[in-house]
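Colleague: Single-letter residue listing:
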Amino acid sequence: MNEARFVELLGVYGADLVRWPEDDRGSAAAFLEIAPHRIKDIWESERSIDHLLALEKDGPASIALEAQILSTAPMRRSLIGRSPGRSLWSLPKWATGGALAASLALGFAVGYAGEPRRSAETDYASMLTISSSGGGSMYLTAMNDGGH
Amino acid sequence: MRDPDEDLVRRVGAGDRRAAAEIARRHLPRMVGLARRMLGDASEAEDVAQEVFLRVWKHAGAWKPGAAKFETWMHRVAMNLCLDRLRRVGRNAGDVPPDTADDRASATRALDERQRRERVRYALQKLPERQRAALVLCYYQDRTNIEAAEILGVSVDALESLLSRARRTLKSALAAERADLLSGLETG
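Just so you know, the sequences run in chain order A and B.
Start counting the first sequence at 1; every next residue gets the next number (this note's numbering).
Start counting the second sequence at 1; every next residue gets the next number (this note's numbering).
If we strip away everything but chain A, and leave its shape as in the complex, we get (with noise of 0.2 Å):
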């Protein structure tokens, strides 16, 4: 490190070293540990300017704004209760066919029991349903997870 480009990465990054190219902060301490006063008046310089910008903080995000962000989020299909990430069809598949077959003869049972009221649905509802209606026409419908 020498006295031009110390001056010059003084102008670049500032006088806080840390900001500095990690490469040059070790030798740009050791430098301005010995450099003449003219340098370090130029250091103390560029270290007020360091000291307005900083004046220019970062407030926390509204929760507001937290809170509209995520529910933008989306869910993906799970089991309610299972771990984040695995998907129905990840499981077993003697696991996958037993669901599934239960999920048939409930939506059968319902389909003929008639139309099916719908509960409230949180976020979080996560279920596989097969149900019939009509003339048996079948409706495959993945529920989201929760996730949590």
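Don't read these hints as lab results, they were simulated from the structure.
Where is the CB? At the ideal position from N, CA and C, for every residue including glycine.
Be careful, since some hints might not be right.
Quick partial rundown of chain A residues pointing at chain B, CB under 8 Å, derived from the structure [what the hints assert, rightly or not]: (1) PRO21; (2) ILE34; (3) PRO36; (4) LEU53; (5) GLU56; (6) ILE63; (7) LEU70; (8) ALA73; (9) PRO74; (10) MET75.
Take the given structure of chain A and dock chain B to it, following the hints.
Modeller: Okay, now just chain B, sitting in the frame of chain A:
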């Protein structure tokens, strides 16, 4: 080095709401801060932050850890959205000066912190947008020079040139008020 957001992004991609909340908690303040400093408008900054996260939700499932950190990608998205907005309306941000910016007579009196902050904010907003972008990324967003250059799509040399000019412009813009701005400010 492993991307600290890698697991979270994977879980967001799988529809995990807790992961979405965590990634928002981790990055939302910085996204808002970046946009506010670039656009000079808190409401517009919130709009940009929402757009950034819509893109996060959209792309998280397909995210492949690799060359760039996820946070760097988010910064690039946010910065591009800001620059697009600035160019679309053909303005520089922060066109309204603080109440005493042109009142040189008042520059000798002590300013409270709010006034100082407003003056610095105004000086920042008057920077050309590329200079402001470089300064915001390196100073306020704590990006390395390599990351900031990548976000802006320029070489490190070009980034350093932008930073250098930004600091010179700021020094010049604040020169008349500098002593006053610094009065009472702890510099130790």
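Colleague: Out of the numbered hints, which ones does the structure contradict?
Modeller: 2, 3 and 6
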